[in-house]
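So the chains spell out like this:
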Amino acid sequence: MAELTYLQAISDALRTEMRRDKRVFLIGEDVGVYGGAFKVSLGFQEEFGPWRVIDAPLAETAIIGACTGASMMGLRPVAEMQFADFVSCAWDQLVTVAAKQRWRVGTPVPIVVRLPSGGGFSGGPFHSQNPESSFAHVPGLKCVCPATPEDAKGLLISAIEDPSPVLYFEHKHLYRRIKGEVPEERYTVPIGKARTHRLGKDISVITWGAMVYTADEAAQQLENDGVSVEVIDLRSVMPWDKAAVLDSVRKTSKVLVLHEDTRTGGFGAEIAATIAEEAFEELDAPVKRVAAPDTPVPFSPPLEKAFIPQVEDVVAGLRDLAGY
Amino acid sequence: MAVAREAEPVGSLHEVREAGLDREDLLGVYRNMVITRGVEERGHILYRQGKIPGSFYTGRGNEAAAVGVATAMGPDDVGAPLHRDMGVHITRGVQPWHIFAQYMGRQDGPTHGRDGNVHMAESSLGLIAMVSHLPAMLPVAIGAGLAFRIREEARVALAWFGEGASARGDTHEGMTFAGTRELPVVFVCDNNQWAYSTPTHLEYATEHVADRAQAYGFEGVVVDGTDVLAVYREAKRAIEKARAGGGPTLLECLTLRMEGHAVHDDAFYVPKVMFEKWAESDPIERFRTWLRANVDMTDEEEDEITTGVKKLLNDALQRAEQSPMPDPADLLHGVYASAEDLDTPHHK
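One line per chain: the protein sequences are B and V, in this order.
Throughout the first sequence, residue numbering follows our numbering, covering 1 to 324 in sequence.
Throughout the second sequence, residue numbering follows our numbering, covering 1001 to 1348 in sequence.
These aren't lab readings, by the way, just hints derived from the structure by calculation.
Every residue, glycine too, gets a C-beta built ideally from N, C-alpha and C.
Chain B is nowhere near these chain V residues, computed Cβ spacing over 10 Å in every case:
(1) GLY1028
(2) VAL1270
(3) LYS1272
(4) ARG1286
(5) GLU1304
(6) SER1323
(7) PRO1326
Cβ-to-Cβ under 10 Å is the rule here; a few derived chain B residues that face chain V:
(8) ARG23
(9) ILE27
(10) ILE63
(11) CYS67
(12) SER71
(13) GLN93
(14) VAL97
(15) ALA98
(16) PRO139
(17) GLY140
(18) PRO163
(19) SER164
(20) PRO239
Using the sequences provided together with the hints, build the complete structure.
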């Protein structure tokens, strides 16, 4: 085991797969000579050469479309969007082509799109978004959102192995802030399986990505009130671990769904609806959602702080539930 | 002012032989064109009989362009043909009964009823299935070329698009990428002069679509898309140039869409004189005349092709009509790919 940052764990996974499997290549803007905007692929071009670490023109449609075509020819492409926000430019390639090709015509599209996502550092409306729910709504795409370095490595390896297109949301605010023990050997973390981040018995928090840490801090505060909070880190948003969520809800009977994306139509709505359909009788309080308000992501620090769910927002939500 | 090279018609039989087609090949090309039109004519009848759900599209007038380019492809080359390119499917060897089953939404069509009309492709024949967002297929085909370049294989990817699709950003991004990396890609523009009801001067402001190629750093060629031999010769040159590491070419095949956008459209907006003019260079009739004059195609040979194709299509229709409708219970299967799906020669 070595202590790695979340970002180092992503690099480690990518390097592991590129060394192990000649079919894997990386393509994106500035991923080669520069090593990627966040330096995930620093030194990769020296090791793997310019045709496996490909500096693409500023053309997201061409990048993801080319990945789709290359995957059909037997390669295992990994595309880096410089920021998750820019994947909007390649919507058609993901939603119209890659997502539907297996179901429609039987051709698998094993591609991975790495999406540096999330806010917390004044990136503003176009460098901070969390678009996972938009893609989770599209049949045929998988969406994973690791929170820990260990999961970042294991889920990226799983994503590269997976025969379907996988959107890998890597939260930028975790890149260098979060460190953890990461096995040096190759391992996978199954897509679609949640992880209990914190055991508890009174209230469940269902969340993913950077909000896992927000939830954990809130849970610590509730501990002082004598309320035991369980934190479920979903890890995969699509497919999502319904069984793990329902098990936790049945145990605690109260649930708060938390995400950094905006509230209306966010993936939390799907989770809340499923809990209402399948565990209504087990609930002792209405399902509560804590999410960003329905606005673009603001730039200025006080505005951004008001936008991204904060520990105190989650604490308030949990206290409401505890007192219900 | 035109920038692209305007290709000459094929002059002599010698030139055809030089390009790699012998007499038997030429008759095969003709047969593929006859099958192509026959499949679409039968499809039209099926549609009028109410046996084809949704809409129905044909490539009448584009037979020479599609068959000519596909004939120039190597066995391991790959392409993403569009909805006017039935001739590509036929030339690569798709069985007509599969196409009829596809048209009718039957279980034995290549998409098992999940998608309709020409939204299909048999990947074992080196074809990639199109989506309705036509230019979206350009970057995908380029990706096949990228894979060949990464693995240093002597294979070429063909990317089809129309003059309508030339207006969208995918085309620009794809050509930019293929040009900067000199990928083994041939862009084939089926310029049939009408994108639904929109004429060419509202789709592009240059004289030819192929004039743009220079801006992307490769050659543009315009060819008469009703002249199958000229199409073949230019496609062969472009494909072999790409195979040899010479980078992309944009080959524009100029034709006229001889029917409406789809079966519901009577194309009232196309001037009658335009139809009359282009009917004089019907690709099949034109090639038939050439074959009789240049390689002495006999009445017997011609009859054998006509009768043979008729029988092929009769049998195909019968077989397709026996194919069951798909089972709705299967609807959820295959949203995600499985490991077994990757058990193909490509993915080894």
